[in-house]
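*Asks:* Listed below are the residues making up each chain.
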Amino acid sequence: MDNKADHIFEAKFEEMFKQYFSSLCYFARKYLSDMDSSKEVVHKVFIAIWENRDNFDFEKPAKSYLFMAVYNRCMNHLRDNNKFSRDDSPNRQEIIPLEQDSSEQIEAAELESQIWKTINSLPEKCREIFILNRFEGKKYAEIAEKLHISVKTVETQMSKALSILRDNLKDYLHLFILFILKSLW
Amino acid sequence: MEEKHQNINMERLVRILSREASPQEQDEHRLWLEASEENRRSFNQLQQLWLSMDKTSPENVLNIEEEWAKFRKEAGIINGNENKNFFLIPVFRIAAIVLLLIGLSFAGWWYFSPKTVRTGLAEVTDVTLPDGSVVSLNASSSLRYERSFNKEARKVRLTGEAFFKVTRNPHSPFIIEVNETEVKVLGTSFNIRTYKESGKVEVTVADGTVSFYRRKEEDNKIILKTGEKAAFDRNKTEFRRQINEDRNFISWKTRMMVFDNDSLTSVVKTIENVYHRQIYLDNPEIGAYRITTSFNNKDLETVLKVLGTTLGITSEEKDGKIILKSKLHSH
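First to last, the sequence lines map onto chains A and B. The numbering used here applies: residue 23 is where the first sequence begins, and numbers increase by one. The numbering used here applies: residue 109 is where the second sequence begins, and numbers increase by one.
No lab work stands behind these hints: they were computed from the structure. Mixed in with the good hints there might be a few duds.
The calculated DSS-like cross-link candidates involving lysine-lysine, where the alpha carbons are at most 27 Å apart (straight line), are [said to hold, decoys possible]:
hint: 1; chain 1: B; residue 1: 181; chain 2: A; residue 2: 61
hint: 2; chain 1: B; residue 1: 304; chain 2: B; residue 2: 344
hint: 3; chain 1: B; residue 1: 178; chain 2: A; residue 2: 66
hint: 4; chain 1: B; residue 1: 333; chain 2: B; residue 2: 344
hint: 5; chain 1: A; residue 1: 139; chain 2: B; residue 2: 178
hint: 6; chain 1: A; residue 1: 26; chain 2: B; residue 2: 333
Working from the sequences, and respecting the hints, build out all of it.
*Replies:* Here's what the structure looks like:
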């Protein structure tokens, strides 16, 4: 038992886990529709890697391996739960081949993951205000009343949130263009 | 944060995006858009960023630290040093194996040891078997069954007397071992009585069909139907079948006795079986007296009183035994 090597491996594993876990979950959710099943699938993938760690090579890029593993498990899950049917019923899932469309799903999942990483990193009041407005549809006046602050403060915090989001997500800029194109269709 | 980008009024832009802008602000915004390509591009960026959040919600938020802790727990990582495999450590391995063996032998003992229910001298008790069958045991009787009762076959061993109400199961015959015989049924109700000295086994069927045979001689079985009875006499090693005429064959259980012009001798036999007492006739002749009456769950004293009045006899207790005498002679 080589303890030092174990320590190093574990540290790298933890880093990999924390880096990809949420985007893998959001990715899985595009196929499985519910968050709990998605989390379970991703956990299973990591457990499998851990149990087979003697054969895992950190030199090779982990990202594509991880997304592929999650994709495969999702397909198995769907197959086992008979989500694929021969007829054209509304429940029929489209089988999306890995090569074509999943890169888009992967990037969308990474975007979603990054959005939440950013929102969670906002100062507490700022985060609360932003979530109340953007996700709960509350108007500035309502938020101001609820939190006992001025409307001006709400405005300032909202603007701060959006700036931080824009700065953190500028790597995903090209996705925004895609979204524009999609919404035009 | 580079807010130095010319004229970007973030507050106004956010108000535009969250639809809080006043008509005046909207006009200002339109002018600003028309002013340059760069402005339009900036706004597009922010708008797309804003809209991309349509596809997500706070419910989907993940707590990474929590998930990592969950993972560590499941993968068995403790204190940074992973507890590779608890069972590889020799001491624990041996302890685990020992515990397992103890557990298994206990389970085996438990599973394979038979269960016996015995009744006392004047006790009648019901035993419910794992398949739901109910066995009413008369006094001084015993019923033995394996704990594996329900699995392959339903086998019990009886001494004394019992009334069986067997749950129907065509896939699993119910077999009663009694002395040298066996009684086999699929589901029915019947009484089995053994006589201590003679070893005689008597089976009376209340309802259903029963097969009765000497152990290992199932080919020579006799089949009894409702209302029939048969006795196996070990001395004569034969079965004798008859229509049951003893309507009181389960009085010991029901405490209901019906006599229809029955002789005192047979009445006494029934009473003995029901009340678990020994009754003697001081004068054998009184045995021929006939009586027609019924008793529904009465105590022995009442029964003897009624017999006394009806037949002109007295009852007396001596050394725990009951003696019946003709009134005429007791003077």
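*Asks:* Of the numbered hints stated earlier in the document, which are not met by this structure?
*Replies:* The structure breaks only hint 6.
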